[in-house]
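A.B. asks: The chain contents come next:
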Amino acid sequence: MEIPDVKEKWTSKINVVTLGATKPQGGTRSKTVTVGGETTLPFITFEGEIPYNPVISGFVADTVPDWPEVIKNAIGKEINSPVEWAQKSVQEYGVDLISLKMIGADPAGKDASPSDCAKVVEQVLKAVDVPLIIWGCGDDEKDNHVLPECSQAAKGENCLIGSAKESNYMTIVAICKADKHKIISEAPVDINIGKQVNILLQDADFDLKDVVMFQTTAALGYGFDYVYTIIERGRIAGLKGDNLMAAPQICDVAGETYRVKEAFSDDDVLPGWGKLEKRGPMWEAACAEGYLQAGADILIMTHPEAIKSVQNTIKSLM
Amino acid sequence: MALTGMQIYKLLPKTNCKECGLPTCMAFAMQVAAKQKSLTDCPPVSDEAKAALSEASTPPMKLVKVGPSGKQFEIGQETVMFRHDEKFHRPCGIAVRIPASLSDDEAIAKCELINGSVFQRVGETLKVELAAVEVDGCDNPVSRVKSIADKSNVPLILIGKDASIMKDACEAVKDVYPLIYRADASNIDVFIEIASSMKLPLAVTGSSLEELSDLTQKAKDKGVEDMILSFGSEDLGDTVRSLTITRRASLRKNFRPFGYPAMVEIKAENSNDETVIASAFAAKYAGIVIVDNTEPWELLTIMTVVQNVYTDPQVPNTVEAKLYEIGNPDENSPVMFTTNFSLTYFSVESEVERSKVPTYICVVDTEGLGVLNAYAGDKISAEKVVKTIQEQKVAEKVKHKKLIIPGLLPIFRAEIEDTSEWSEVLIGPEKAREIPAFLTNTWKS
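As given, the protein sequences belong to chains A and B, one line each in that order. In terms of my numbering, the first sequence is residues 1 to 318. In terms of my numbering, the second sequence is residues 1001 to 1445.
What the hints contain is simulated information worked out from the structure, not anything from laboratory work. We put the CB at the ideal spot given by N, CA and C, even for glycine. There could be a bad hint or two in this list.
In the DSS-like style, the derived pairs of lysine-lysine whose C-alpha atoms are separated by at most 25 Å in a straight line are [as the list claims (entries may be wrong)]:
{"no.": "1", "chain 1": "B", "residue 1": "K1151", "chain 2": "B", "residue 2": "K1161"}
{"no.": "2", "chain 1": "A", "residue 1": "K7", "chain 2": "B", "residue 2": "K1253"}
{"no.": "3", "chain 1": "A", "residue 1": "K275", "chain 2": "B", "residue 2": "K1267"}
Chain A regions said to be covered by chain B (calculated; three or more residues, Cβ under 8 Å) [to be verified]:
{"no.": "4", "segment": "43–57"}
{"no.": "5", "segment": "155–169"}
{"no.": "6", "segment": "256–267"}
{"no.": "7", "segment": "290–298"}
With the rest of the complex left out, here is chain B (with noise of 0.2 Å):
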């Protein structure tokens, strides 16, 4: 947690010797608290000033990285409780179990069906950011994680209990820098040795959380520097609690012990359950999911809401200005714009895809604000309007003259209609939910 500049001050030799520059010691403090300075410009500052600052400037939760360099999987810093007091900052990933049970072919299908599992959703693109091999029950866990390394495409958590195994596992595997899960109050200390000898990260569990706190500050003790903090699915509610004090703890109070990124391990009777409480964690406060299922509609699903909820909230969504074809539209097919707050786009998108009648979409760049937003923050005028579609160059092509105009705005017939060659103006309505209606009904007579 940053230190004020009183803070600061509290630290320093407060000589006003001027060595650093400026005036007084308070001085040299505001700036040290604004960033402009760092201790170091001040020579004579004790080491234990130094300690203290650099204690304090470390973020409250860790920055863990999975996975080989070039495609590190990060999870963690985060800052908040609430989305609305700044924002998500690392998304929620989902690992899929390869469990032990699988034959090698199996598992290495399964690997492939981890790699394939990449979608494009509002031109975003969403994968499967890990896969979870389980090495306790393998027949030959060695080559199990050795196979499994070679193909897959995202990083490795390799899930095990046996400390003999996960420490052959983890040698033969250890230059993919896998997550090593789950360390607990049976086998924490040799799981230690192998996460700091090897540099890994190590995920940790407990019975209580004071059990997981005192693992996790034995771990640090022992030089493991990257931890995640693990949790089951077995009562949801109490999981629910246990993350959100430990997150509470390292945000709020800095409690070390806990200033990691926390993973949850799911659990489910069934993939409908599944989903579900995937979803639920996605949202609170999971930096990593581990599910079973490969299906593509869970997990797009539960990618949705991680990319929801990780949305920065504080910065309008917007979608490229420029013409959409939906559903291949001709030279017969209707025209109509809207604004680029992709909120308001893919209402309208969605909507057109219902009527099934393909349609142009222009998108009028309105700086990621909605139809009456725009027109009452002077972000969309008719002039705007003829121009954007003028270099769209809609008029190429469709042979009729009619442009259907947000419902919303029928202000702008008359200047749309006298100021381009866009003729005969047609309202369409108010709610995105009444374009194919209107598509259908008033569109086509």
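Just chain A, same shape as in the assembly (with noise of 0.2 Å):
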């Protein structure tokens, strides 16, 4: 039987955003890494084209999260190194690039210096040869001295720099103009804001073509199904021509899904709910997985189970 027309007519495409430089390029990088381009819904390539897959990012810090220990030691030793963490993602994990936290400038944690965060940006550079995410510690004030030195410790590498939120976006773009980065846009979950900053990051003279947004991630069973569905309408608006949401969008799994109970507490705490061994790398890859059926683009994600499962389903849904 003849099956009706289900196409949809999808007028504009989400945005391409490179990512990474190569010596001609003016940076150090052995590879880029592209996302965007999208004109269809995620993995309906019936109807239009998905250009580059979703990437995997490695989750790094410079300072060992506070995650349980299992996680940890699912990592390894290489978690007390932001350089050897990070070499051991792109080379054991095969992620597609690498995301470094500065969880330690916090004030109210080891409130490591400004120098101190670009001199693990320059080690991590040199460690590894693919793109980088530069994130600040969430700390506004803090943050406003920290991105700019790690910014010109990463000049001319064509990082991401996370974030620009509506309190703090000036210094950002300013940064990110002056040593050639990309910015991802920060919005707490909530699409009006999300389109906001953007405006104000246009406002500001920065080009949207090089804005990725990250509408704030949340943990599976804390908030998910918010977030799923600001990232799905966040993609049909882009696709329907609404130039303030065509970015492509990233979700940090990794830096949310340890600090909930189901993904924290063992089974001495949960009992019946099975070992915290297996339960919080799943609770990573479900949650990563969910967004990407919504329409994430870069995944940020840590553990090395999850990550190779959602590759697996990366593989497999293209």
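Two chains, two frames, some hints: make the complex.
C.D. replies: Here it is, written out as structure tokens:
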């Protein structure tokens, strides 16, 4: 029987964003990573194009995150050194790029200095040849000092710098323009603020074609449904011609997952829910897979088992 | 797909005879569209019009029930492609396979594991909804399905391609209304006969979408009413696309051969991959996923994806406004309050658990709004907080007078201190994730 034609006619496409710069491009990366360019919903290739696969970025931090021991053990001793952690992520886990977060800069924590953070950036850039995503610690005031030095240390490498919010976007725009980086625009699980931040970036004369959107990530079970829908609506808006929402989207799955009890507490606290050794990485993987279905382009992940399973599905989905 | 008033009007005699009690056929059509009148209220209406309207008022995707009455699993009657367009209605059910390769004792043991796979998460009960028994290759398929039917708390799927084995198996357990799977082009005639004679739901698979539509149409013509479209997991992209096409054809084009819920039988290399693949299809657009593993870490993960995706996006999720005791708090433990928006509450709860500091969390009814929205919308005030804490008799639980308030509401401090026995108000962090540091540092000092 003839099947009715159910193709959608999308009018626009998601922006193509390339990260990293090779030697001829003014950097030192041996390869670049490109995301975006879709003219259709995730994996719906019968009505549009998906020129680039979604990518996985390995989570690396300057300081060991306060994750459960079994999760840290799965990564191994390399977690103690951002350089070794980044190398292991690229060489063993096969991640496409590295996401480096300056947790240690947090004034409530180790309060590492901006120059210490910049050193970490330099070392990681030397240790791996993939593009870099660089995040501050999340404290706006501190990040206003940390990110300029980190950006400077990676000048010309075409990194993705996170993140520009309503409160701090001017600083981020200035450093990214000066050092030739791209921007993550961040909004707190609110699609309207997400759009507003992009308007601010545009008004500050930053090209939205150099922006990746971060709608904030929620762990599975803790607002996942909100973020899932915002990512999906963002993609649809972008495909329907809303230039302010046409940026590729990034999710920090690793950064959020290991804070929630299902991925933090073992079966002594949660009897009958299975060993954390397995439950943790699957909580991360299922969350990432969900966002992939909603339209995420870059997934920041950490656990080798979680990364592997999501990599397997990406291959089979494309 | 419901008809508009104008479409209904075209089906009417257009004589304005007023026999329906309304002045014009147009007025009557409008009331039928609004479901305030029925077409039968129009005595002269033609049979063709009745048939057209009845066809149009049938939901585009059928509701399919599996299992005996009283413990049926219901799936289908979905209305939208995206949850933000309305909501997804009937949560995807997990079915766990009982392979033919298992011995009878092992099969019973697996059935018991399925029965026991029940979890309480954020106030809801999550469970495996179906047991999927493979019949082809069993030494004695009839005794296998009978023993599982006796033991199982959940409805059954019978998996097999051999028509004569399936017929005997269905005959043996037809009183528990199993779902018959998998009918395909090679066995469709006998499977149709089994399903229609025993009134059982039938899961159909095709080598292409065209073939699938031919098979479901054929089954429908021969009296099979309840069907499931089933797909494999060998090529995930292909399955996502097939699920999307069949759902769109049904919901948007009212294409009846695809007007049924969908099922994906997952075959993965390992349990990790199985978990991730099932999670993908739970979000898009399977009504049933069949998996192998019964490990709680896998099932709970997939169930939570289902729980989240099937949440009604138009209704704020709330938790009961009461006093929650986290980690056996005592008379010296901290007391804090937050809103009854479930996302806020569970974030706070999770961080308190992470801190390992036993704590009382007093939840104020803010009609499902988070802290700032509740404040902006006048759903929370210092007065309301004081009243709630009194009602929840928090003061009887502790011997101190310290109350931790959300960092986003510092303005409440003075009023609470002035108007209640909580004479020392501590302004807590703005973000939930800062709670552990606050409890271990600020509170303890």
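A.B. asks: Run every hint past the structure and note whether it holds.
C.D. replies: Hint check:
1. K1151/B / K1161/B: 24 Å, holds
2. K7/A / K1253/B: Given that 25 Å is the threshold and the Cα spacing comes to 11 Å, the pair holds.
3. K275/A / K1267/B: 23 Å, holds
4. 43–57: That given contact holds, which follows from 4 residues of the segment 43–57 of chain A lying within Cβ reach (below 8 Å) of chain B.
5. 155–169: Violated: only 0 residues of the segment 155–169 of chain A have a Cβ under 8 Å from chain B.
6. 256–267: holds (count 6)
7. 290–298: Answer holds; 4 residues pass the 8 Å Cβ test.
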